[in-house]
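Asks: For the protein sequence lines, the chains are A and B, in the order given. When the first sequence is numbered by my numbering, its final residue is 252 and no position is left out of the sequence of numbers. When the second sequence is numbered by my numbering, its final residue is 595 and no position is left out of the sequence of numbers.
By construction, these hints were calculated from the structure, which means they are not laboratory data. Every value quoted in this text rests on a predicted model; they were computed, and no experiment measured them. All C-beta atoms in this analysis are idealised placements derived from N, C-alpha and C, irrespective of residue type, glycine included. Treat the hints with care, since some could be wrong.
Said to hold, decoys possible - Calculated pairs, SDA-like style, for lysine to any residue (alpha carbon to alpha carbon, straight line, at most 25 Å):
no. : chain 1 : residue 1 : chain 2 : residue 2
1   : A       : Lys124    : B       : Tyr264
2   : A       : Lys199    : A       : Arg77
3   : A       : Lys123    : B       : Thr265
4   : B       : Lys377    : A       : Lys199
5   : A       : Lys199    : A       : Arg131
6   : A       : Lys124    : B       : Ile485
7   : A       : Lys123    : B       : Lys377
8   : A       : Lys144    : B       : Tyr264
9   : B       : Lys377    : A       : Tyr53
10  : B       : Lys377    : A       : Arg92
11  : A       : Lys123    : B       : Leu457
12  : A       : Lys199    : A       : Ala216
13  : A       : Lys123    : B       : Tyr264
14  : A       : Lys70     : B       : Lys377
15  : A       : Lys171    : A       : Asn242
16  : B       : Lys377    : A       : Arg77
17  : A       : Lys124    : B       : Asn458
To be verified - In silico contact screen, one side only, chain A against chain B (beta carbon under 7 Å); selected entries:
no. : residue
18  : Phe90
19  : Met93
20  : Ser114
21  : Thr168
Spelled out from the first residue to the last, the chains are:
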Amino acid sequence: MAMLEVTQLGISFGGLRAVDALSMRIEKGGLVGLIGPNGAGKTTVFNMLTGVYRPTDGGIRLDGENLVGKTPHEICRLGVARTFQNIRLFSRMTVLDNVKTALHHETTYTLAESLLHLGGYRKKEREMDARALDILEVFGLAEKNHYTAANLPYGQQRKLEIARALATSPKLLLLDEPAAGMNPQETGELMETIELVRKKYGVTVLLIEHDMKLVAGICEYLYVLNFGRELAQGSPAEVLHNPEVVTAYLGE
Amino acid sequence: MKKLFSPGRRDYTISFGIVILAYLVVQAMILTGNITSSFKGQLVPICAYIVMAVSLNLTVGVLGELSLGHAGFMSVGAFGGIVATTALADAIPFAPLRLAVAMAFGGLLAGIMGVIVGVPVLRLKGDYLAIVTLAFGQIIMNIVNVLYIGRDARGLHFSLLEQRFELGEGGKMIINGPIGVSGVSKLSTFTAGFLLVLATLLLILNLLHSRTGRAVMAVRDNAIAAESIGISITRYKLLAFVVSAVFAGMAGTLYAMNYSTVTAAKFDFNTSILVLVFVVLGGLGNIWGSIIAAALLTVLPELLRAVNDYRMLLYAILLIAMMLFNNSKLKERLLAGRHREVE
Ligand SMILES: Nc1ncnc2c1ncn2[C@@H]1O[C@H](COP(=O)(O)OP(=O)(O)OP(=O)(O)O)[C@@H](O)[C@H]1O
Ligand SMILES: [Mg+2]
Numbered sequence: 001m002a003m004l005e006v007t008q009l010g011i012s013f014g015g016l017r018a019v020d021a022l023s024m025r026i027e028k029g030g031l032v033g034l035i036g037p038n039g040a041g042k043t044t045v046f047n048m049l050t051g052v053y054r055p056t057d058g059g060i061r062l063d064g065e066n067l068v069g070k071t072p073h074e075i076c077r078l079g080v081a082r083t084f085q086n087i088r089l090f091s092r093m094t095v096l097d098n099v100k101t102a103l104h105h106e107t108t109y110t111l112a113e114s115l116l117h118l119g120g121y122r123k124k125e126r127e128m129d130a131r132a133l134d135i136l137e138v139f140g141l142a143e144k145n146h147y148t149a150a151n152l153p154y155g156q157q158r159k160l161e162i163a164r165a166l167a168t169s170p171k172l173l174l175l176d177e178p179a180a181g182m183n184p185q186e187t188g189e190l191m192e193t194i195e196l197v198r199k200k201y202g203v204t205v206l207l208i209e210h211d212m213k214l215v216a217g218i219c220e221y222l223y224v225l226n227f228g229r230e231l232a233q234g235s236p237a238e239v240l241h242n243p244e245v246v247t248a249y250l251g252e
Numbered sequence: 253m254k255k256l257f258s259p260g261r262r263d264y265t266i267s268f269g270i271v272i273l274a275y276l277v278v279q280a281m282i283l284t285g286n287i288t289s290s291f292k293g294q295l296v297p298i299c300a301y302i303v304m305a306v307s308l309n310l311t312v313g314v315l316g317e318l319s320l321g322h323a324g325f326m327s328v329g330a331f332g333g334i335v336a337t338t339a340l341a342d343a344i345p346f347a348p349l350r351l352a353v354a355m356a357f358g359g360l361l362a363g364i365m366g367v368i369v370g371v372p373v374l375r376l377k378g379d380y381l382a383i384v385t386l387a388f389g390q391i392i393m394n395i396v397n398v399l400y401i402g403r404d405a406r407g408l409h410f411s412l413l414e415q416r417f418e419l420g421e422g423g424k425m426i427i428n429g430p431i432g433v434s435g436v437s438k439l440s441t442f443t444a445g446f447l448l449v450l451a452t453l454l455l456i457l458n459l460l461h462s463r464t465g466r467a468v469m470a471v472r473d474n475a476i477a478a479e480s481i482g483i484s485i486t487r488y489k490l491l492a493f494v495v496s497a498v499f500a501g502m503a504g505t506l507y508a509m510n511y512s513t514v515t516a517a518k519f520d521f522n523t524s525i526l527v528l529v530f531v532v533l534g535g536l537g538n539i540w541g542s543i544i545a546a547a548l549l550t551v552l553p554e555l556l557r558a559v560n561d562y563r564m565l566l567y568a569i570l571l572i573a574m575m576l577f578n579n580s581k582l583k584e585r586l587l588a589g590r591h592r593e594v595e
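Work out the full structure: start from the sequences and follow the hints.
Replies: And the structure:
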């Protein structure tokens, strides 16, 4: 059984059919790309997978468990984490606290311990600090743990978002254009980091990317979306030589 | 492990530093007789307003939701506390303990009101809290205005709109409709106020520097992102709002127990706005800023009585000066440690 099974997924906004009859299967440990031109419906697929939008039809199963109708925070706890196309950090909090907030359900203590700083408070906060710093280290952000998130340069904000998503210990990590706004060198480094993270944390990755060439480098399998419908799927080599895909991208 | 920089410590040091120092100075003034009676009379209200401001800051600054009815919770705590102290007069003869129990009761009652107001409103997306809390403040004021509570040998009696009970021999009205409460035994002291301020600071600062506080701030900074990492928006909004109401209730009990007569009109919309002004001037999310603003702006009108003609002018100038200071580079420099991260 595939880890993520999406069947005949669809959503309409008023008259607009943003996603239609989309089916996807992602195996555990995979690194899969979701590509397509502007407005194809890629982000909308993520929003349905994470419970931000409720699909009008179709099903989503993670390890057999139904995700449709669950709230975003429930879906997170079932093991799906994401980043956002337009960065959404906790901008007034520190880099460290951004990641620690995501450890909310992993290291817990009660409200009474929160108010009184008694019991496991100190020990557990230290555990969280150590965990958060470990994750930040992977993204080269450990030295900047005390920075206010909003004061990080753009590229590092993107990395912090991935670090925060990883801190929830997801099974499935959804990355929405993680390299947007980065120069080619930064992009190359980021792709290496994503590979590394996948191995180190054993997480399955579904990645949206605009630039086909870029995803072809790291993804094992691609889904191509156009006007909300699947245009093609297959290995990067197959997909990139598919004449329909080429046409859609060149807009002919 | 890498060295961690924690800006949190500074909040504790400054907040407790200010409060303890102020307490010692005032005690010295009292001992040496260097205190005017009008200032002395304001000591308990100052403490109550500090607790009001710090607790409202939790909703407005830390959670980022506008509340325009904080005085409503103060009112609930005030009248709830009065009923509790009167009912417990025989059971707990030791006044400070009776005050503490009354505060706990006032806080509990206000907290329940917080749940009643918060549960339906905070589930909605959008800024509905301001309007609902505004209405809540007015509703509480109007209900207390037509509330009759009396006590006699048979126990407590309640009625609304008109007095529908006869008190037995030796019975006493506690809340008498629009006349309010009179003949309350004044239990509040400056030291009691000081202790409530300390407890409030400790609990609220602790809360902010915990996983719960982080969750609340995450919801404020970006609710969608907070949900995406497993945080229930409704739960943490409600939690911050209710904790804020509980402390307002305790402040209400403290405040009410400082006067022999109390009416519902003391906790009106103007009071809610006044506390909001303390919070905004002290800085959103800045706990010690709320303390200073609440204390200064409560004593100031009295201090300025000496220069009566210019009183409102000076008050306005001070408001503007505080606002400018809040947005200035000077503040950043004074708090250099906090802002080291700014390149
Ligand atoms: N909440 C919404 N209400 C109405 N229409 C929406 C909503 N969300 C998305 N859409 C529409 O759905 C379509 C797909 O949008 P989506 O953001 O998923 O595209 P995308 O593939 O992520 O594009 P891009 O590459 O520009 O990010 C667009 O036409 C968009 O306007
Ligand atoms: Mg998109």
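Asks: A separate judgement is required for each hint: does it hold in the structure or not?
Replies: For each hint, the structure was consulted:
1. A:Lys124 - B:Tyr264: 20 Å, holds
2. A:Lys199 - A:Arg77: Given pair lysine 199 (chain A), arginine 77 (chain A) holds - Cα atoms ~21 Å apart, limit 25 Å.
3. A:Lys123 - B:Thr265: This hinted pair holds, its Cα atoms lying about 22 Å apart.
4. B:Lys377 - A:Lys199: The given pair, whose Cα atoms are some 39 Å apart, is violated under the 25 Å limit.
5. A:Lys199 - A:Arg131: 17 Å, holds
6. A:Lys124 - B:Ile485: With a Cα-Cα distance of about 23 Å, the restraint between lysine 124 (chain A) and isoleucine 485 (chain B) holds, given a limit of 25 Å.
7. A:Lys123 - B:Lys377: Not satisfied, since the Cα-Cα distance of roughly 36 Å exceeds 25 Å.
8. A:Lys144 - B:Tyr264: Holds - the C-alpha atoms of tyrosine 264 (chain B) and lysine 144 (chain A) are around 23 Å apart, at most 25 Å.
9. B:Lys377 - A:Tyr53: Satisfied, since the Cα-Cα distance of roughly 15 Å is no more than 25 Å.
10. B:Lys377 - A:Arg92: Satisfied, since the Cα-Cα distance of roughly 21 Å is no more than 25 Å.
11. A:Lys123 - B:Leu457: 18 Å, holds
12. A:Lys199 - A:Ala216: The given pair, whose Cα atoms are some 19 Å apart, holds under the 25 Å limit.
13. A:Lys123 - B:Tyr264: Status holds; Cα separation ~20 Å.
14. A:Lys70 - B:Lys377: 17 Å, holds
15. A:Lys171 - A:Asn242: 31 Å, violated
16. B:Lys377 - A:Arg77: Within the cut-off at roughly 22 Å; holds.
17. A:Lys124 - B:Asn458: With Cα atoms ~15 Å apart, lysine 124 (chain A) and asparagine 458 (chain B) stay inside 25 Å; holds.
18. Phe90: 4 Å, holds
19. Met93: 6 Å, holds
20. Ser114: This hint holds: serine 114 (chain A) lies near chain B, its Cβ roughly 4 Å from the closest one there, short of 7 Å.
21. Thr168: 5 Å, holds
Consistency note: the structure conflicts with the earlier hints numbered 4, 7 and 15.
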